[in-house]
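Participant: Going by this note's numbering, the first residue of the sequence shown is number -10, and it counts up by one from there.
Where hints are given, some of them may not hold.
Beta-carbon label-pair distances, calculated as ranges [stated by the list, open to error]:
1) Ile125 - Asp149: 16 to 24 Å
2) Gln229 - Pro348: 49 to 57 Å
3) Asp127 - Leu347: 47 to 55 Å
4) Pro206 - Lys336: 23 to 31 Å
5) Pro51 - Asn262: 54 to 62 Å
6) Gly220 - Met92: 40 to 48 Å
7) Glu18 - Pro56: 24 to 32 Å
List of simulated lysine-lysine pairs, BS3-like, C-alpha gap at most 27 Å [as the list claims (entries may be wrong)]:
8) Lys366 - Lys278
9) Lys321 - Lys263
10) Lys290 - Lys280
11) Lys179 - Lys280
12) Lys300 - Lys290
13) Lys189 - Lys179
To be clear, the hints were calculated from the coordinates, so they are not data collected in a lab. Because the structure is a prediction, the values reported are computed rather than measured. In this text, a Cβ means the ideal position worked out from N, Cα and C, and glycines have one as well.
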Amino acid sequence: MAGSISERDIHFYSAICRACSAKGPRDKESARDALRVLIGPLTLSSYVRTVRLPEYLSRDLPYELSPDDIYLTSGCVQAIEIMISVLAQPGANILLPRPGFPMYESRTTFSELEVRYFDLVPERGWEADLESVKAIADENTVAMLIINPSNPCGSVYSHDHLAQIAETAGELGILIIADEVYDHLAFGSKPFIPMGVFGKTVPVITLGAISKRWLVPGWRLGWIATCDPNGILKETKIDQSIQNYINITSDPATFIQGAVPQIIANTKEEYFNKILDLLRNSADLCYGKIKDIRGITCPHKPEGSMFVMAKLDLSFLDGFSDDIDFCCRLAKEESVIVLPGTALGMKDWVRITFAIDLPSLEDGLERLKSFCERHAKTQAIEVENNSNMMRYEKKASPDWLTAFLKPLSYMCALRLAFLEVHVLVSRSLCGDQGVIKELSKDWSCESRTYCKHVLKKKIV
C-alpha cells in the first residue's frame, strides 16, 4: 500500500488513490505519449473518435455499440443538460425518481419541461414504484429517469427489477434515461447491470463518466450512449438532435481524451477491487453506527455508490422544525455536514456520504449520535448529556464557519426559486423569437414531437 488512509481531513478520492497505488495521474510518460499522438502531428481538429468507449461499454451488453452511438461530453453534468434540452418541448413532461439527484429537477425547470415524480420505496431497497409510474404518465410523457447505482440512496437494482422497468417504459411508449455515473461501484450482494441490457425492449440513453470509477472527478470526461439496437432513436431523429447540441458545446480536453484508451486498457482489476473493499468497509461502518443512533433510522443498507439515506424521527428530537433546521444546527454545533432530504424531494430525511476515511467517518457519526442524544426529548438522556455540554461546545464551529454553512444548507432548497427567476430573465432577454428558442426549434422539432406512436408500434 503506497500510503496510509488514516490521516485526518483528507478527501476520500485522494485517500483511495493512495491506498490503491494509483499511478494514472502521475504516469508522466503515458501522458507524453498521449500528447504526442494527439497534438504532435497537428492533425486533430476536434476530438478522438469516442476513445475506445464503444468497446468498453459493449462488454456488458448483448449487442455491440458503434462509435456513432457514443457522444462525448464535458462530464456527466453536460450529458444531463444536453438530454434535457433535447427532450424539452411545450407541454412535455419527464418522470423523475424521488428521492433523486437535484441537478435533473434544476435543469428541467430551466428548460420548462414539466417534472412528475415517482416514488422509490425504501422498504423494497429503494426500488421504483412502477404502479405510480403508470399512474402519472400520459401522452405527453417523453422519458423516465433511473439512477443506478443510486445517488442518493446507495441502492443497486436487480436484473429482475430493471427488466420490469424496461417493460413498463415499453408499455408507456417512453424511453429510459439511465444515469450510470456510479457504474460498477456495487459492493453488496447484487452486481451492477447496465440498463442498456434491455435496449431491445425499450430505447435506453445511458449517461456516464470516468469520474467515479477511476476517481478523477476533475477531468470532466463523460458520455451519452444510445443503446437502441432497434433503431428507434435514429428513426425519430433524436440521435441527430443530440448531435446538433453536441456541435454547439465544447468537447472534453483533447489530452484527457487521449489518456482514456490507456486508462481503460491498463487499469488492473486489483485497483477496482480495492476501491470496492474500501467503500464496503465504509458503508458497513456507516450503517452500523446509524442503527445505534436514536432519532435516525436507515431502512436499507447501502450496496453501491457513496451515499445512504436516513430518516429523521422529529417526534424523538426536540426543537427541530424540519430536516433543514436539523442540518444547520448539526453543522453549527458539531461541524458535521449532511445534506437535507428536502433538496432531494424527501422532507425529514438526510443524505449521508461515507466517502471519507474511516477514522473521520467514525468521528463524524459519533458526533451525530451525541447531537441526537443531546437534543432528545427523553429527559433521562438530556440529563445524562448535560455534563458533556462543554466538551461539545469546544467542538462547535466558529462563528465565521456557522455564518458560511447556514446559507449553504439552504442553498439546495432555494435553487429552484433562483432558476425560476433565471427563466423569467431569459424570456425577457430573448423574447418569444429568441436565439435559443429558434435553435431549439430548428434542431429538435422532429424529435420533440417525439416518438410516442413509433415507440408503441416498435415495442409493444
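Participant: When the structure is checked against the list of hints, which entries are broken? Sort them ascending.
Facilitator: 5, 6 and 9
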